[in-house]
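Peer 1: Next come the chains, spelled out residue by residue.
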Amino acid sequence: MAYPAATLVFVALIAVVIVLGFTAARWNAGNLEQIEEWGLGGRRFGTWVSWFLIGGDAYTAYTFIAIPALMFGAGAVGFFALPYTVVIYPILYLVFPRLWKVAHRHGYITGPEFVRGRYGNKHLALAIGLTGILATMPYIALQLIGMQTVIGALGIPGHVPLILAFAVLAAFTYTSGLRAPAMIAIVKDLLIYLTVIVAVIVIPAELGGFGAVFAKIAPAKLLLAVPPAGSTGAYSGYATLALGSAMALFLYPHTTTGILSSSGPRVIRRNAVLLPAYSVMLGLLALVGYMAVASGVQGMAQFAAGFKQYGTSFAVPALVLEAFPGWFAGVAFGAIAIGALVPAAIMAIASANIFTRDIYSQFVAGGAARGEAKVAKLFSLVMVAGALVFILVIPTTYAVQLQLLGGMWIIQTFPAIVFSVFTRFFNGWALLAGWAVGIGSATWLVALNHFAGAIWAFHVLGYTLPSYIALATVLLNAAVAAVLSLPLNAICSDRAGDATRAEDYV
Amino acid sequence: MIKILLLLVFVLVLAVPFYNRMTPALFGFPFFYWFQIALVPVASLLIYIVYRVEHGGEK
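Read top to bottom, the protein sequences are chains A and B.
For the first sequence, this note's numbering begins at 1 and goes up steadily by one.
For the second sequence, this note's numbering begins at 1001 and goes up steadily by one.
Worth flagging that the hints you see were computed from the coordinates, not collected in a lab.
Fair warning: there could be bad hints in the mix.
Claimed, not checked - Beta-carbon label-pair distances, calculated as ranges:
no. : chain 1 : residue 1 : chain 2 : residue 2 : range
1   : A       : L164      : B       : P1041     : 35 to 43 Å
2   : A       : L8        : B       : P1041     : 22 to 30 Å
3   : A       : H104      : B       : G1056     : 50 to 58 Å
4   : A       : R105      : B       : P1024     : 49 to 57 Å
5   : A       : A218      : B       : P1041     : 24 to 32 Å
6   : A       : W27       : B       : V1053     : 34 to 42 Å
7   : A       : A490      : B       : P1024     : 56 to 64 Å
8   : B       : P1024     : A       : G462      : 32 to 40 Å
What the hints assert, rightly or not - Chain B regions said to be covered by chain A (calculated; three or more residues, Cβ under 8 Å):
no. : stretch
9   : 1010-1024
10  : 1036-1050
Owing to the predicted nature of the structure, the values given are computational and were not obtained by experimental measurement.
Glycine included, every Cβ here is placed at the ideal spot set by N, Cα and C.
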């Protein structure tokens, strides 16, 4: 064992979490044979549990590794995570209390299910649901990679620990449903806050203060490049990356599930006020990437193998091992690993809810609700196993690329879900056409970028407007949906298919 | 229309050319960094004001 104290603490923390995961089934016990109980915790979580759950769900282990790694490698542009995680909250406040209301009134447990009720169109809902599941699969895989990085940093070789961790994840997800990640999220977040607070106090003190840390960063990386004449340059790239990522975040199945599991609109609105605490933490964590630069871990012989294997993702683990005593490195790694388990569990559950309600019951069981909890539980196992196979078979770079694509895809559900919470102007088939155009154009542009870049430089009237591809293509998607809705509403209106009423939303 | 404050959050956060600068620095943080971190509690406060105005009378 290269790091005995760290490994011991790490394993102990994981063990505590496993016990919690299995006992969670008895917390506020409900009938776990009902999908609303298993997959949505019975819509009972109050302000604080929702705070931990949504926070644990949205700020994932992958974020904790990837954002500092981006700062470490690319500099200021990595800080887009901060504006991104600020603008998500006005969106949360405005949109999701209405979605909760209508979902509660009609018993919907997924976003696509709402869309089906709104338009009476199961094909549109299928498209939205499949988008969610496909975007989630690489996301779960990346959580595994986050976990693999810290296990690797502890010097534990091979895939066996990872397989064990995910076997356990699959088991407690199956038995406890959403209650398991909700309970574990509390432990995870306390550990993360502890780690980040200690890191931003201890490490800069060791390095001579924040001023000294920033002084070690190449000046060209400290700020965004000033755009050349005739271009909005890095400014529009940064702003659209933040806005587009924010529009996409709560459309992911796992975040929608986190929101719908709360006990009501007031809990959601209060959380729009309280959740930004996580963004402060994320901002400080992003700066850990700079601390890794300043500490010089990349040049140290004992970390050379790690950087070679994991690239810039190894910056945070290396700094943790370098700057902290062994036992506290164990706490930090435990926090990251548990930070992978929580969202991974919610992702598996949310995908299972979609599979059950929007695919299986509509296209296989002919609308029957019997045995749906069983189907959902089994599909959650499929999701976890699928993600594991993904990691073991496909190179890491593909998972990162697919996650990039996933973000581009999931935002294409924005018109169908978010606009529909406010208006019935659109036609269901027009939304489906807009979705198809959005998915197609986004995938095409990402392919032109060789699946490596999220930004595309658009040329409009002699100006160059670099934009996050997801944001540009969802605008196209919405335009197509709006333009097609006019003739389609005139010729073959689907308004009669709306199962919801205006008063369901307020 | 107290919700206009929510629009203000978007404006502040997306005003990239305004905050892409080194000075004034604070506690060793260049402006670019401390301004964006400081926006988080500001945004939270603005959302809280909207919440209080909209839900103030309810128990």
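Peer 1: Each hint: holds or not?
Peer 2: How the hints compare with the structure:
1. A/L164 x B/P1041: 35 to 43 Å: holds (41 Å)
2. A/L8 x B/P1041: 22 to 30 Å: 38 Å Cβ-Cβ, so the 22 to 30 Å window is violated.
3. A/H104 x B/G1056: 50 to 58 Å: At roughly 23 Å between Cβ atoms, B/G1056 and A/H104 fall outside 50 to 58 Å, so the hint is violated.
4. A/R105 x B/P1024: 49 to 57 Å: holds (51 Å)
5. A/A218 x B/P1041: 24 to 32 Å: holds (30 Å)
6. A/W27 x B/V1053: 34 to 42 Å: holds (35 Å)
7. A/A490 x B/P1024: 56 to 64 Å: holds (58 Å)
8. B/P1024 x A/G462: 32 to 40 Å: Because 36 Å falls inside the window, the suggested range holds.
9. 1010-1024: holds (count 8)
10. 1036-1050: holds (count 10)
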